[in-house]
Amino acid sequence: MNFKHRDIISIKDFSKEEIEYILDYARRMIPYAKAEKHTTLLKEQILATLFFEPSTRTRLSFESAMHRLGGSVIGFADPSGTSQKKGESLADTIRMADSYSDAIVIRHPQEGAARLAAEFAEVPILNAGDGAGQHPTQCLLDLFTILTEKKKIKGNNVVLLGDLKYGRTVHSLAYALSLFQANLTFVSPESLKMPKEVIHECKEFGVEPVSTSNLEKAIKEADVLYATRIQRERFPDAEEYNRVVGSYKVDNALLQQAKQDLIVMHPLPRFVEIEPEVDKTKHAVYFTQAFNGLPVRMALLSLILGSKKL
Amino acid sequence: MKELKVTPIKDGTVIDHITPGRALKVLHILKIPESTVSVVSILMNVNGKNGKKDIVKIENRELDPKELNKIALIAPKATINIIRDYEVVKKHTVELPEEVIGLTKCSNPTCISNAREPVESRFHVICKDPVRIRCYFCEREPEDIAAGIV
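Taken in sequence, the protein lines are chains A and B. The first sequence lines up with residues 1 to 310 when you count with my numbering. The second sequence lines up with residues 1 to 150 when you count with my numbering.
None of these hints come from the bench; they were simulated from the model. Even glycine gets a Cβ: it sits at the ideal position worked out from N, Cα and C. Take these hints with a grain of salt, some might be off.
Take a look, some chain A residues computed to stay more than 10 Å from chain B by CB distance [stated by the list, open to error]:
{"no.": "1", "residue": "S89"}
{"no.": "2", "residue": "Q134"}
{"no.": "3", "residue": "K151"}
{"no.": "4", "residue": "N183"}
{"no.": "5", "residue": "N214"}
{"no.": "6", "residue": "E277"}
Reference excerpt, derived from the structure (chain A facing chain B, CB under 8 Å, subset only) [to be verified]:
{"no.": "7", "residue": "S10"}
{"no.": "8", "residue": "D13"}
{"no.": "9", "residue": "K16"}
{"no.": "10", "residue": "E18"}
{"no.": "11", "residue": "I19"}
{"no.": "12", "residue": "A35"}
{"no.": "13", "residue": "L90"}
{"no.": "14", "residue": "Q110"}
{"no.": "15", "residue": "G112"}
{"no.": "16", "residue": "A113"}
{"no.": "17", "residue": "A118"}
{"no.": "18", "residue": "G133"}
{"no.": "19", "residue": "E197"}
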């Protein structure tokens, strides 16, 4: 399978076999991610990280991944110091970064920004989140986490909880979990329900998602609970946000009703969705999930830029 | 007695079986009347064999059927009839292309294709009947395609 110079824009660009290949490669990256082994695979290669929106985990793990592979990183974490402030188009910013680097990671508030970037760049583009659109590397690390924790993806009862309307991670994840034939339950406030087109996509894979607002009922049969933050920044008005924030809370009382081996995931940052008391339970895997971003992004960078395999 | 609302044309193009209510949008896509001095007749909500339809008649001008495929986006069942001396000499059913470029705007206001960037809107046709298109950039499906026609 050849990923050389390939753009990573949307999980929908990948077949199930390609995703399995990436996840398998990510598993082999773990000792390098933990610095138990060392490599200079991407020596003298430069990764540009263009973050037009705030990020902690995604940016740091991409940068760490590049450094762990022996490469170096240029870029910005805040567009206020760049020519975008002077009205430069994204296309022009990309043309410039293209000439300075071997691959570009981009996060941008507008949907489709990474796809546009790929039109103007010769080097591969990695989408680190485009508005409420796609976040394929998050999706891959989520799949990797389910696979490593539950040993398989198929057949697991996965509950997606929270902001299913604006949350980009849950859209990609619902698609990918359907591709892998997991069973899906969507739990959200009425105003933040999963968009029809996402449900339609799940059905195209033969998966029939259940939509409900009753978390207590959904948790009983769940193997994976994927909670998300209700994102203030995606709401058109503050009133709508205030109506729904804090609608759901995952705490130890709720988890009493869950299966013993339920895993609780969250793309982080969390706000009030998961009580800190859950951190100490065996259910909590969200910090492992955050670590998994590193081997997964190392795998992607190696496959796209590497001249040989590790 | 059958009432004849618009007389047959001698020479020109008749676009038949247009989705009812869409005739003006069809003309907009074809840049008519800006691109022609011909007489154009429009019939809306006419009763046909399969329910209501719109019809457009353009006199003394033969439109290129390929050009007319663009209207398939909003009138997927339309047929194009080329008329010479009152006879239909060519009949063509519109066919939606695989990709629709620059014809309709993305309905998502935060799609990058609606920003000040040097790109045209671009959609993949994911279903021809009923017509469903997906934005190449933001991957959303506009619900009302006709509303986005530029």
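We went through each hint and held it up to the structure:
Distance to chain B contradicts S89 (chain A) as a non-interface residue, since its nearest Cβ pair spans about 5 Å, not more than 10 Å. Listed as outside the interface, Q134 (chain A) is inconsistent with that label: its C-beta sits roughly 7 Å from the nearest C-beta of chain B, within the 10 Å cut-off. With a least beta-carbon separation of about 31 Å from chain B, K151 (chain A) lies farther than 10 Å from that chain, consistent with its non-interface assignment. The Cβ of N183 (chain A) sits about 24 Å from the closest Cβ of chain B, beyond the 10 Å cut-off, so the non-interface label holds.
Under the 10 Å C-beta cut-off, the non-interface status given to N214 (chain A) relative to chain B holds; the minimum distance is some 29 Å. No Cβ of chain B approaches the Cβ of E277 (chain A) within 10 Å, the least distance being about 37 Å, so the stated non-interface status holds. Against a cut-off of 8 Å between C-beta atoms, the interface hint on S10 (chain A) holds, since the closest Cβ of chain B lies about 6 Å away. Interface hint at D13 (chain A): violated, since its Cβ lies 10 Å from the closest Cβ of chain B, which is beyond the 8 Å cut-off.
Given hint, K16 (chain A) at the interface with chain B, is violated; its Cβ is 19 Å from that chain's nearest Cβ, farther than 8 Å. At a threshold of 8 Å, the smallest CB-CB gap from E18 (chain A) to chain B is about 18 Å, leaving the interface hint violated. Because the closest C-beta pair between I19 (chain A) and chain B is about 17 Å apart, greater than 8 Å, the hint is violated. For the restraint placing A35 (chain A) at the interface with chain B, the shortest Cβ-Cβ distance is roughly 37 Å, beyond the 8 Å limit, so the hint is violated.
Interface hint at L90 (chain A): satisfied, since its Cβ lies 6 Å from the closest Cβ of chain B, which is below the 8 Å cut-off. For Q110 (chain A), the interface hint holds, since its Cβ comes within 8 Å of a Cβ in chain B; the closest pair sits about 5 Å apart. With a least beta-carbon distance of about 3 Å to chain B, the hint placing G112 (chain A) at the interface is held under the 8 Å criterion. A hinted interface residue such as A113 (chain A) counts as satisfied when its beta carbon comes closer than 8 Å to some beta carbon of chain B; here the least separation is about 5 Å, so the hint holds.
This hint is violated: A118 (chain A) has a C-beta 10 Å from the nearest C-beta of chain B, more than the 8 Å allowed. A distance limit of 8 Å between C-beta atoms decides the matter here; for G133 (chain A) the minimum to chain B is near 6 Å, and the interface restraint holds. Taking 8 Å as the C-beta contact cut-off toward chain B, the hint placing E197 (chain A) at the interface holds, the least distance being around 5 Å.
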